[in-house]
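S.K.: In case you want the letters, here they are:
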Amino acid sequence: MKTRPVFRTLLSAMLLSVLSGSIQAQEMVEIFGPENATQTILLRSTTDISVFGPVVEDFVETRPGLAVRYEQWGSNGLYHLTKQECHEGTPGADLVISSGVHQMVQLVNEACAWRYVSRLTEQVPDALRWRDELWGITREPAVMVYNRDLVPVDEVPKTRFDLLDLLRPADTPYEGRVATYDIEVSGLGYLFAFADSQEASTFGALQESLGRGNAVSTCCSADIIRGVAEGTYLIAYNVLGSYAQGYQQEDDRVGIILPSDYTLVLSRALLIPKQAEHKDRAAEFLDFLLSPQGTLALKDALLISPLLEAAEENRRDALSPTAMRPIGLSPALMVALDTLTRETFLRRWRATFPGQRGD
Amino acid sequence: MSEFIHRMAPSSLTARVALGITLLLMIGGVFVAIAAFAYGREAARTAYDRLLLGAANDIASALTVQDGKPTIELPVSAFELLALAPDDRIGYRIIGTEGQTLSGYDEISLPVNRQEISEGFFDGAFFHEPARYVVVSRRFAERTLNGTIRVVVGQTLNARDAMAYDITRKALYVLAASGFAMALLAALVVRSVLRPLEDIAGGLSARDPHDLTPLDTEVPRETEVMISALNGFMARLDRQMNSMRHLISDTAHQLRTPVAALRAQADLFTDETDASRKERIVERLQTRTASLGRLLDQMLSQALVIHRGDSVRRECVDLRDIALDVFEDGAHKVLFPEMDVILDIGETPVEVMADAPSLKEALKNLLNNALSYGRSPVRIGATLENWTASIWVEDAGPGPADTVLAELGDRFSQTTPSRKSGAGLGLAIAHSVAVSFGGRLSLERTSMETFRAGLVFAVTPERAS
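Residue numbers (our numbering), protein chains in the order written: chain A, 21 to 379; chain B, 1135 to 1599.
The set of hints was computed from the structure by calculation and includes no laboratory data.
None of the values given here were measured: they were computed from a predicted structure.
Ideal placement from N, C-alpha and C gives every residue a C-beta, glycine not left out.
A couple of the hints might just be wrong.
[Unchecked claim] Quick look at which bits of chain A chain B covers, simulated, 3 or more residues with Cβ under 8 Å: (1) 163-174; (2) 341-352; (3) 355-364.
Generate the whole structure from the sequences, applying the supplied hints.
M.R.: Now the structure itself:
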């Protein structure tokens, strides 16, 4: 990623989760803006600082005297913390941005969010807006990533069916070398798996194949993609396109495929907690993200994916628009968080990936 | 308000109609709004209750038992159904056989007095916001699980309120549109109702000042009353003006001859030198002036009769009283002591609707005529026969010559007396009175030796009885 002349004042990487044993801890913190800022707003996000940082920088550049404290969280930790703060009424973050949109929907449903309407928020499509309390701010496809050196060109899967076909033969070289999220740990992985299960009956077959093919379930986008680049895995399924493309810009060993049967499109959701202390500033940040300038910054950060634009522009080899399945922000996502449903779903998952967790 | 209406009302018909319609629409608007809101709420409640019930049944039917434990994969369809109320938050709770929460929001509590509710709707709250819930239950009778699992599904009320307001708003739009149409129609109606009045007013103001002919009665029935009243008034005015015109010309005509005679005598007197002749001229002058005085009296009484005939209210008059009054007046005894006058009246009243002074004046004139030109004895009386009431004077003479009688008949068969009457005005007065009260003057030779002059009125049977 290109570097900028920034007001970056502090970068502290913290690895507390191992020490505290709690999932409720931020992974990294960084403060954007001048040291003598009169006001600091707290932004909690699941997005890597390195990815989202430039967008925040663009924002604070235009707001003298304002600093943004950026805390990077895991989606489950962020969800539980936000929920706890909401129900206890203690002021916490001024902005919460999470890729676990089902959790965000749940938070809105529990009256944890502040309502805000502006000219810009009204332009957000209905599917990416709920109750004017939750907005989808990014467009990121769930893609398949493969190792260009190790996967022959004619074997590169274009669809989920192709992947199924690769895994079917008994002596397939892909056995144990197809990776996907561990959905028990990653909120995003669970969300994608759940969306897959809603989207097509293919998922049952795919899950079965993955299990039979001893596919690897592991945590975190970055680890998976690096694994593919280094040849540990040949193919990764349901990886966030923004991370994959970011990685690809530095390391062209990875190839990216938007499955042409259908491609899930995630919009990270933003909400302003109702007990936030700087709601107006938070709303300013939201408007910034929705403004042309903010949209441009998000595009630079690959959070509004150029892959999708290629699809929209109908380029050859690109995805047809009808294959895009945005994950809409609607209460139907609450199903994903239901205790019993989750249990049922995870039970099936565990049956597919026995003993692979905690890699 | 009432004062306002009072001040407002008389100014114009249009303002009255506008005020009426405005009040009607305002009151109607309030009623319609209330009714529409009540209806809208009911409709929204019914519609969204069905959604809730559908979603709850959807969820209940997805319940299964696995390893002795109830499990479920929540059907997304149920939530999509609930998402038809796009901005409403959704609460659900699945309650196990022991009353424990299996899944969903523990915060949702069943109504205090209906803890055992297994079917039905209730109102509650969801995270401090009012909400509506439905409960459905599913019975399990498995080896490992026996009991009832209840599913509670609820939703906040945004969509319901929005629908109720929407229905109310639409009803008010319709009301506003129909109100506008009503106002427009009312304006047209008022305009078309008032047009005949404007036409009448226009017709009247365009009229020649001397034109007293009746107005066109081709008008709506309601305004016809006014038109006929106006026409009646104009007819009376016309009649009076005619009478006045005749009176003036008659008077001028009748005064001309005696006044000319007087002047001639006066000239003679100036030129005359002989004293005895002067004496005779003076005598003649005296006679002339006396008769001129009588003429003037008669003219005045005719004017009086004409005036009263059109302006005085009719009352019930017994003709016998008139005859009696004239008889007892006794003037004839002084003026014509040589004539016998006999009163001839019966027992039964002879009543007509008329004006007593006018009748008296007429009868006096007839009596004077009889005394002046007829023969003794003269009888005056009033009779009622064949639905005809009459008051009359009869003398024992043959009356005027046939030619004179015919000429008189012609003159008085017209509705107005001819200006050519050279003789006394007595008959003219009697005629005027008779006509004024709907009767006529009757001059007839009742036998060879009697002549009767009288006023004859038709009597309706009711009046006679």
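S.K.: Please go over all the hints and tell whether each is borne out by the structure.
M.R.: Hints, verified against the model:
no. : hint    : verdict
1   : 163-174 : violated (count 0)
2   : 341-352 : holds (count 3)
3   : 355-364 : holds (count 7)
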